[in-house]
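Trainee: In case you want the letters, here they are:
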Amino acid sequence: MKLQYAIATLLLTITSGPLFAETLSIHVNGMVCGFCAQGIDKNFRKESGVEDVKVDLGQKLVTVQTKTGQVLADEKIKEIITGAGFELKSIERK
Amino acid sequence: MTKKLSPWILGFVMPWAMSTNLIAHPIAYKGSISLMSMNSRDMNEIYTHYSFSPRLSLGAKFLRIEERKKESYSVFPQLSVLLHRWNQENFQANIYAYGGFGANKANDKTGTTVFYGGEADIEDRRFYLSTSFQGLRLSEFRDHHTLKARAGVAAYVAEYTEPAVWGIFQYEWHPGAEMKHQFTPIVRIFYKNALLETGSSIKGDWLLNFMIHY
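Heads up: the protein sequence lines correspond to chains A and B, in order.
The first sequence stops at residue 94 when you use my numbering, and every number in between is there.
The second sequence stops at residue 214 when you use my numbering, and every number in between is there.
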């Protein structure tokens, strides 16, 4: 019975995504103005899996915290950055 | 190729190669709606547009011009296109073109308005240069052409969560107008999705511009 419970838990975990929240460090080219960067902030916050967004103009860095168990695909990140008019340089996941 | 170009060389060459949408970009981020208004002693402009992408927006513009105690009113749709953007690590530069065709009313007559223009800008977190050219052909009023150039410097390097304050010096050339040359120092403040500009020319002509997008 315990073995069956453990297997079921494992399967549920595998199929439902990561157990932890992700911190995405997104490096962006062209992000020099806070007024123009509003689109990045707004469109990341529209995503249901996003917990928090921070924009750092000095580091040209957007930090996105996902909700527990939620994943934000690279394609979606690129779509948001380019849709805001900027160029995606790199993504780091922690 | 563009990575090898100094941003400031690019900034000086580009503007003069090509000026009243100049308070901010005529296209915002994908899916956004923008509202802007530019006002001076003899001109009021209200423009709202939808950005289909960072490269294309469509909007509607209302324009009132007063000259020698006579008034002209124009209403027209405007299409704006981003021709090229340089997104570099420490700066962004843009070239836009736009145009529209609609109605003009002046001197108790109704006719047509043809609007066309282009603008270029370059900015980093501390400096800003832009220029634009705009033509307005009014069937019932004098045609208007404007060449505008701006140079701005930030009062401080603002973080994303802080209000930003800029000092801008604007030069306008209006061929055919009584006052051909106009120099206006401007203060620009923006915070989050709202931008406000105000200034007064050396001869005392005021201006008040604002923009918001959501």
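Everything labelled a hint here was simulated from the structure, so no lab data went into it.
Positions of the beta carbon are idealized from the N, C-alpha and C atoms, including for glycine.
Please note that a few of the clues may not be correct.
[To be verified] Derived CB-CB ranges, DEER-like:
hint, chain 1, residue 1, chain 2, residue 2, range
1, B, Asn-44, A, Lys-94, 27 to 33 angstroms
2, A, Lys-78, B, Asn-90, 17 to 23 angstroms
3, B, Phe-101, A, Gln-59, 43 to 49 angstroms
4, A, Asp-52, B, Tyr-191, 30 to 36 angstroms
Trainee: Hint by hint, say whether it matches the structure.
Mentor: The hints, checked one at a time:
no. : hint                                       : verdict
1   : B/Asn-44 <-> A/Lys-94: 27 to 33 angstroms  : violated, 51 angstroms
2   : A/Lys-78 <-> B/Asn-90: 17 to 23 angstroms  : holds, 21 angstroms
3   : B/Phe-101 <-> A/Gln-59: 43 to 49 angstroms : holds, 45 angstroms
4   : A/Asp-52 <-> B/Tyr-191: 30 to 36 angstroms : violated, 20 angstroms
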